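Each chain is listed here by its residues.
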Amino acid sequence: MKAIFYLSVTILGLFTMHSCVKDTCVHTKKYLHYEPVFITQEEFDAPAEYTLARPMENTGTIYAYGSYIFVNEFQRGIHIIDNHNPQSPNVKGFIEIPGNTHFTVKSNMLYANKLEDLVVLDITDVDQPLQVNRISDVFQLHRAQSSDQGILAYYESTDEAIEIDCNDQRYNSLIFSFNDRLFFDFEAFTPSANLQFAAVNNAKAVVESGNSPSTIGVGGSMARFTTFGEYLYVLSDHSLETIDITTPDQPVKHASTNVAFTAETIYPFEGHLYIGTTNGMHIYNVSHSGTPEFVSTTAHIQSCDPVISDGEYAYVTLRGGTECGGFTNQLEAYDIQNPFTPTRVQIFPMDNPHGLTKVGDYLYICEGPGGWKKVKSNLPGQFTLEQTNSSHSAYDVLVTPQFTLLFVGSKGIFQYSMDGVNNPQLISQVEFVLP
Amino acid sequence: MRYLILVGLLLVFVPFISAQSDVKIKLRNGQTIEGEWLGIENDHFLIGQGESIIRYIPEGMVLKLKVVPDINSYPGYDKNRNILIWGLSGAFNSTLGQKEKNLQGLGGKISVGYDWEHNYALYVSAGYSNMNIGEPETFFPVSILPVKYLTEGRLLVFAGLEAGMNFGISNPWESAISRRSMNIDRHISWSQPTHFAGKGISLTPTTGIRIIGKYGIDHVISLGLHLQQFTSQNKFKDDFYSKIDLLYRRWQINYGLIF
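Quick note, the sequences are listed as chains A and E, same order.
Per our numbering, residue 1 is the first one in the first sequence, and the count goes up by one each step.
Per our numbering, residue 1 is the first one in the second sequence, and the count goes up by one each step.
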């Protein structure tokens with residue numbers, strides 16, 4: 001009887017307590033929170049201003065020109081780093097350009113966007129950059145938005161850890177509203193990992209040219225601005241603007257070309273522009289009149305895809321997930337000896353590929369938080385992995401005119417000596433101040 | 001689900017509680033009689049049923065007679081008293097009334113313990129547990145369980161409090177592609193920073209029955225309210241702070257063997 005009594009008590013407990021037998025889960029997570037920052041019309045119209053060096057926090061485009069490195073502070077302006085001694089780079093100053101996201105340099109002229117406007121700065125004297133021109137309505141990607149509070153120049157991003165119940169509808173959302181503010185999943189919208197990197201990649205040209213380093217400009221592989229011949233090309237989402245810079249300080253709008261899919265990166269090589277989009281690679285010929293002439297499109301699955309070329313082959317990294325869509329992460333090589341009919345010749349699996357560059361037979365491919373990889377190109381044979389470096393994150397890479405390998409990670413700029421091409425040695429780093 | 005658990009408990013417990021027969025006779029007319037064997041008198045079998053009924057069955061009417069031996073006469077019966085004991089058990093756990101869907105898990109443990117006169121016992125256990133079937137939500141639990149037996153005889157009803165530490169083996173926040181989804185319609189996969197496997201303490205008030213068995217093997221069936229805390233934090237906490245605080249609150253049903 002005693003046994004039956006205890007059993008009855010237990011079973012009764014089942015009935016009375018069942019409502020509280022539930023898992024409870026709280027995810028405390030860092031989210032990006034954006035506050036709009038407005039400027040007045042006077043501030044928007046004011047010329048770019050050179051100021052003292054400031055900490056690098058949320059960097060974007062990077063560009064090596066001569067013995068200097070230019071680094072975009074996303075939507076704020078451009079840092080100037082003296083790289084005369086690659087073993088000890090020195091942050092010199094900062095050019096304030098509210099709303100700036102992309103730029104390129106040619107013939108001592110720095111071409112940068114100020115929201116949708118194009119500003120031209122003479123950097124002959126790097127210690128005194130001087131705005132010499134400005135033309136409006138060039139860059140369609142970041143148009144000024146006016147309101148009662150002024151012109152929206154940029155968003156002040158701060159991160160904030162908030163608690164979300166795993167049962168909450170907001171849980172697992174990339175973007176959600178909370179207390180009248182907008183929050184972005186920090187993991188999916190890593191500031192340094194997004195599409196903020198730009199500039200052109202002329203690594204092969206640098207390697208093969210005998211030009212003096214002081215006149216060569218080199219950028220990463222995730223560019224939206226580039227120059228070729230006497231023209232500046234500006235890539236917006238769906239249009240390619242051509243600006244005549246025959247007179248470097250007097251740019252003139254030349255043409256506007258529609259681009260299919262969502263265009264992300266632009267890379268010039270031997271009279272062609274290679275445009276990476278979310279769904280494929282476009283090739284345009286710009287060797288005739290400067291106006292882009294469509295050559296071909298090679299479609300691939302949806303992903304983020306910076307592209308470079310060495311004239312024989314085009315190298316495309318496909319990155320899935322986050323804002324890019326798709327789930328594929330790989331390096332693809334296309335035979336472009338006939339640019340009208342590119343054909344894919346090799347695939348190499350990657351983890352989270354971002355920017356890339358090619359030096360000789362070797363590709364250096366950024367793997368985001370996972371560091372970078374050195375892959376030997378044996379095309380048309382298979383790629384072979386030569387080296388993996390996971391000591392720091394890497395989102396974009398370029399070869400400087402001093403023939404150093406420059407990686408941009410979430411925590412800083414890392415410079416490697418290429419004296420022994422087979423074994424790049426870290427020689428310096430400039431650390432960012434993380435917000 | 002809770003009704004299934006109840007029915008299961010009754011089906012398992014009732015036969016043991018009501019079992020008293022030690023002889024079973026099948027008569028030529030098809031009738032079956034069960035009862036206590038009292039002997040033979042004048043060519044009649046004497047079968048006791050309850051305290052006041054004695055049946056006299058003529059020998060000629062009996063087609064088949066089966067003597068069920070007394071449990072005490074089995075070899076090895078009740079050998080796990082005042083001795084070091086070993087145990088093997090399996091467990092099923094489940095939430096009840098979770099908002100979107102209930103979550104279930106399975107596990108198993110190996111135990112070592114000691115029994116004091118069927119009055120108290122202490123078990124130390126280690127094993128493997130999954131808290132979300134089909135998902136990599138797994139632990140290596142180590143626990144200690146003191147038990148007080150509330151009854152005597154063959155059926156030992158007990159109550160105990162199991163305290164443990166659960167070391168995470170894997171969890172959905174650790175993997176880049178797998179996510180725990182309590183909101184089943186919101187399962188999204190994208191690149192995520194990995195978490196540590198995590199760990200957490202657990203406390204399980206439990207009650208059940210230990211059935212003294214034959215051949216030195218006892219059976220244990222128990223029911224507990226399993227409370228397990230779990231914390232897992234992001235490896236890259238400088239860049240992407242992310243921390244999970246989870247409290248598992250589950251009904252847990254165990255079946256085990258003691259030998």
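Some hints here could point you the wrong way.
[As the list claims (entries may be wrong)] Within a straight-line C-alpha distance of at most 30 Å, the following computed DSSO-like cross-link-like pairs (lysine-lysine) qualify:
id	chain 1	residue 1	chain 2	residue 2
1	E	Lys243	E	Lys101
2	A	Lys30	E	Lys64
3	E	Lys243	A	Lys22
4	E	Lys64	E	Lys79
5	A	Lys22	E	Lys24
6	E	Lys243	A	Lys30
7	A	Lys411	E	Lys235
8	E	Lys148	E	Lys99
9	A	Lys22	E	Lys64
10	E	Lys148	E	Lys214
Keep in mind the hints are simulated off the structure, nothing from the lab.
All values reported here derive from a predicted model rather than from experimental measurement.
Going down the list of hints, with the structure as the test:
no.: 1; hint: Lys243/E x Lys101/E; result: 23 Å, holds
no.: 2; hint: Lys30/A x Lys64/E; result: 77 Å, violated
no.: 3; hint: Lys243/E x Lys22/A; result: 20 Å, holds
no.: 4; hint: Lys64/E x Lys79/E; result: 33 Å, violated
no.: 5; hint: Lys22/A x Lys24/E; result: 48 Å, violated
no.: 6; hint: Lys243/E x Lys30/A; result: 9 Å, holds
no.: 7; hint: Lys411/A x Lys235/E; result: 16 Å, holds
no.: 8; hint: Lys148/E x Lys99/E; result: 36 Å, violated
no.: 9; hint: Lys22/A x Lys64/E; result: 54 Å, violated
no.: 10; hint: Lys148/E x Lys214/E; result: 22 Å, holds
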